[in-house]
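2 protein chains.
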Amino acid sequence: MKKAILVILSACLPIAATVALADEGMWTIDNFPADAVADKYGVRIGDQWLSDAQLATTRLENGCTGSFASADGLVLTNNHCTWGCIRNLSTADRNLSDEGFMATERGEELRCPSQQVSVLVDMDDVTGDIADATADLPDAEANDARKAELTRLESACEEESGGEFRCEAVTLYNGGQYFIYKYKRYDDVRLVFAPELDIAAFGGDPDNFNFPRWCLDMTFLRVYEDGQPASTPNYLKWRRSGPMPGDPVFITGHPGSTNRSLTVSQLKMQRDVSIPLYLYRMNEFRGRLLAWQNTSDEAAREVQQRILSIENGIKVRRNQLKALQNDEMMAQKMVDEQALRELVMGDDEMRAAYGEAWDVIDEAMRNYRNMYEDYLFVEGGAGFGGSLFTYARTIVRGTAEREKPNEERLRLYTDAALPQREQRLFAARPINREYEELSLTFSLEKMREWLGPDSQYVHKVLGNDSPASLAARLVSESKLDDPEVRKALWNGGVDAVNASEDPMIRLALAIDPDARALRDRYETEVEAPRIRGEEMIADARFAVHGTDIYPDATFTLRVTYGAVKGWEEKGAMVEPFTKTSRLFERTTGERPFKLPDSWAASREQLDPDTRFNFSATTDITGGNSGSPIVADDGSLVGLAFDGNIHSIAGDYWFDESTNRTVGVNTAIILEALETVYGADHLLDELTIID
Amino acid sequence: MKKAILVILSACLPIAATVALADEGMWTIDNFPADAVADKYGVRIGDQWLSDAQLATTRLENGCTGSFASADGLVLTNNHCTWGCIRNLSTADRNLSDEGFMATERGEELRCPSQQVSVLVDMDDVTGDIADATADLPDAEANDARKAELTRLESACEEESGGEFRCEAVTLYNGGQYFIYKYKRYDDVRLVFAPELDIAAFGGDPDNFNFPRWCLDMTFLRVYEDGQPASTPNYLKWRRSGPMPGDPVFITGHPGSTNRSLTVSQLKMQRDVSIPLYLYRMNEFRGRLLAWQNTSDEAAREVQQRILSIENGIKVRRNQLKALQNDEMMAQKMVDEQALRELVMGDDEMRAAYGEAWDVIDEAMRNYRNMYEDYLFVEGGAGFGGSLFTYARTIVRGTAEREKPNEERLRLYTDAALPQREQRLFAARPINREYEELSLTFSLEKMREWLGPDSQYVHKVLGNDSPASLAARLVSESKLDDPEVRKALWNGGVDAVNASEDPMIRLALAIDPDARALRDRYETEVEAPRIRGEEMIADARFAVHGTDIYPDATFTLRVTYGAVKGWEEKGAMVEPFTKTSRLFERTTGERPFKLPDSWAASREQLDPDTRFNFSATTDITGGNSGSPIVADDGSLVGLAFDGNIHSIAGDYWFDESTNRTVGVNTAIILEALETVYGADHLLDELTIID
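Chains A and X are the protein sequences, given in the same order. Under this note's numbering, the first sequence is numbered contiguously, ending at residue 690. Under this note's numbering, the second sequence is numbered contiguously, ending at residue 1380.
Calculated from the structure, these hints are not laboratory results. There may be inaccurate statements among the hints.
Beta-carbon label-pair distances, calculated as ranges [claimed, not checked]:
id, chain 1, residue 1, chain 2, residue 2, range
1, A, V574, X, R1059, 16 to 24 Å
2, A, R366, X, T1278, 32 to 40 Å
3, A, G452, X, R1209, 48 to 56 Å
4, A, E342, X, G936, 26 to 34 Å
5, A, D39, X, M1024, 22 to 30 Å
Taking lysine-lysine pairs in the DSS-like style, the calculated list, with each CA pair at most 27 Å apart, reads [unchecked claim]:
id, chain 1, residue 1, chain 2, residue 2
6, X, K1269, X, K1255
7, A, K315, X, K1269
8, X, K1255, A, K315
9, A, K268, X, K958
Even glycine gets a Cβ: it sits at the ideal position worked out from N, Cα and C.
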């Protein structure tokens, strides 16, 4: 029997009772509930299945998932996971977002400036090492020791692999387990095929998180090694027809984060402070971009996908907030928390070990509320928008951190992390100065608004300038848009940085001591006690439930299971499939309901009954975008790209009656490649089974 | 002993106990707690004092307050209460907002296109008439009967006055009392003097709702009758020095609305639904305007004050939401509600009369949640932004309503209300088509976002258009920017409207049946039961407390009292006065902390120690803007223009320890008029006492 974190319904319910199992859980590959799946769906998922799925699943380092689609490094992912790449590769003459892109031979494949793709190859449990390193230390010292030990373990792992693997520390169960994950990483990632944005994101923001749906949200990338397509023998076969209603399906991928095991005080921190502030800021920023995009074609190209990304973030937060404002749900969380707490307090040993956990976290949250805005704007990046400042800060911080021993550095600048920092810093990307100015002005204005004009930080940054005039000056005078300038500063180290007269570098230098002080305070007053409290709660849960629970999502590999299924909405059933016919009926002449010419021209050739998108009960979240949806035989039947609106509350709990994954059916992908795009060479590369 | 609505602290506290009295309450003129004031401050406020204050206080029909400053119709109010007028009077060559304005003789005074000023001259209690008219009727019929009776009473009152007065129905104590208020109304209102926006709103949005503060937020208007300055013998003398620390002060004015007697389910409706949606929409709109204003000087002039108004609304809602998310405060509201409910249920007679009140309101709120978005966007105006659609809707609705008997009309189009409708409709105002398009596009996009692309209303409005293309077409083709066109349609009645090919009229006609159906549903399912529930609760409160309570604010005349006083903020005392010296120290070269040239040039001539703005414990809210702050001798000592940040929670409860009014000291007004503006003619018109 498997039991998820949230099933302690009340203190009255016997903890060991067998409860009906929902399709809940983002399970680690080594703790997949195969027996429960066999019981419910009559299919047996074995170790080989899981191992094959692991090696065929890729992580996109910008926050997505993909899957290998051929032995030659072909990667299937979502179109929306590649918007940054598509924007960076577009020019005034060639808008790849509007036009789509298809390389007809490998020489035409275009390298994405900063896309990286990884595959998880191994995992080491280092929970014991961390426990040893932090034993008997006060919170703040334990926090430092934990980070140093994780850095040391990462470096040791990378050295041991002779540079073949990237090694990353992973925290599971909010500190209940620590792992070192080994990844094979590909830095040379090229764009192979992308449909036009108008069909990839048909329905735009209005349809986002909605279903029924008609999106061909797909892109093919290819990973290269030494200038050649990488050899990727672990790829997925594609099933031509996609899944049938009721079919069990499985999703492997990298769900970004969930908050199902947070305490009530942590949830209230989100409800009252962090989510509202995000929404206030991002709704305004959305408005600024929507107005600015009308000023020129270049502006429109610069921000059309950024706007969709922001709108996505807004919809997520808005529905998270709605979930947290549900008084019954919050009351249930309190009951659950109280139940575990009473179990702990009723046992002498557990009370001694874990009893103070909730008070410790409550105190950390009070501290966080007191410093949240300062931290967010000055250290958390919200006060300094745009790429130029981000470059400046990376250069200022990174050169200073490199001078320290590896274990004493900020975790973003350890030896294990530096290659990724450098790739992003040195990558040649077009910089739109108007956008930079808009973005920096906005963030400086918000910093002044939220910290107040009399804040010491605001004084230091603005002096007698306004946000707009300061941003205009910094953006026009900075040379950091030139990768060679960035490289020279980075390689020149602290001396070069201190001697630099670049105004963005000067600003980053000026604010860095304040930002670091805020980070120190955050780590001491918020992070350290929070982690200690969370570790205690995780251990208490293990003590009560064993390991028959799954950890919150952490952008690490997970497997989830479920079935192709609709749901009931306001008394009516939502069918689990959409068909091509309705796409054409729903089209208007205007974005976001406008079809690209290629589709309009193919209408007669396309089968109106082809299943387009579908919904399934699988438990996923952001980061799973681009995940393969596979059948019990391991074949690809769909491509996850969204959840329904109810899936957003899945950040806090899973409700099988309404929470749905939304995916693209392989049937429509294959038909579109053939009929709309004439992509025979790609179809030939895939292995398709009937 | 006076007792405010909120002092039932718990069911354990004896209801009749004497409690320490806070400076709480927006009291009606006929129920002012003079004894409590005498006890606390040692000053006696008599009937003559109140009557004089009433007649010297004006209501600005755009949602503000003012006071007569001379016998020749001179009105003092806030600068921010006259932004619409200033914008309407500005041209490409003459930006009155940037430059300020001063008429050096009466012939130069400029008529505001749609400003109206009223003075309350009498009040009739008609509670009995309403009770008779609604006796024994079911909710929905009672609701109709109540409105018809109020319309009848208004018309009867106006007829009786021979057209001299405007009569308005007023609901107090959420239905505990009904009144007919008689107003002397001035339709010819002219701009006399306004300082530059940079000093009127110094600190802009960052300083809004903050204190210490340095704003000369004042404007002089003048009311005219028959083309001549009106005779206004009831005006206030000005005290040159302003108030001293600790002085008792009084504020008369028209607080717009408070929500102190709402039930918990009503508060949660605001917390979960209406306030978040407002904030999502308005933060985005703010962003659009902030970006659009950079596109041209005309755009900047069009929206600079609109942006400040929106930012004000955002800050208010944000802090209201913060108050409502305070779990302790909400728990207290529940305790208070439960206490009254238990008192009611414990008495047979009261239980029979009021027992179901809370359930009735809860049901109304559930209904409201189910229809809120549809109602807000389709009938509530949020889906159709800009002036042109507003004109179209007024014409479509008004011509149709005029055909009906007075008592059967929508209340906005009764005989009593029509003159104001017509003045606004016929007033010549510049219409910026770019702004109209931006505003309509935004609101249509939000309608589609919130109702969904498959909503019947969205289908009817958009068809196959996008919001942007529809808005562009409607705005470019509509002729409703021409007052003569509007007048012809209005006077032509239903036939002219039905024959019109103006696309904005066609849209208003097309959506009107849907909008009216939503209004009907709202009135039946939400408004009618809500009012019945509120009337029951109000009567229960009267039964328990007598009339020693004050009604929630309703944009009707109120008096509040308090003292000039600072408060404790994060352990430090905030002084109740600011001085001119710090204004100059705080100035930067950039808006919103930039001083106008006139002030920069006068720095040496101004006394650095003059008291500029001050704080007081008086209980006010929006609508009180422009209110006179008067001493116990009835002389003007200040001009209310804001509250501190804690005053926003005053929407739900009053906390004397932190809630403060912020006002302009008469001392700085007089000094500025003399030294900065050389306004000797205005100083001569005032009656100044030392």
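Numbered hints the structure breaks, given as an ascending list
3, 4, 5, 7 and 8
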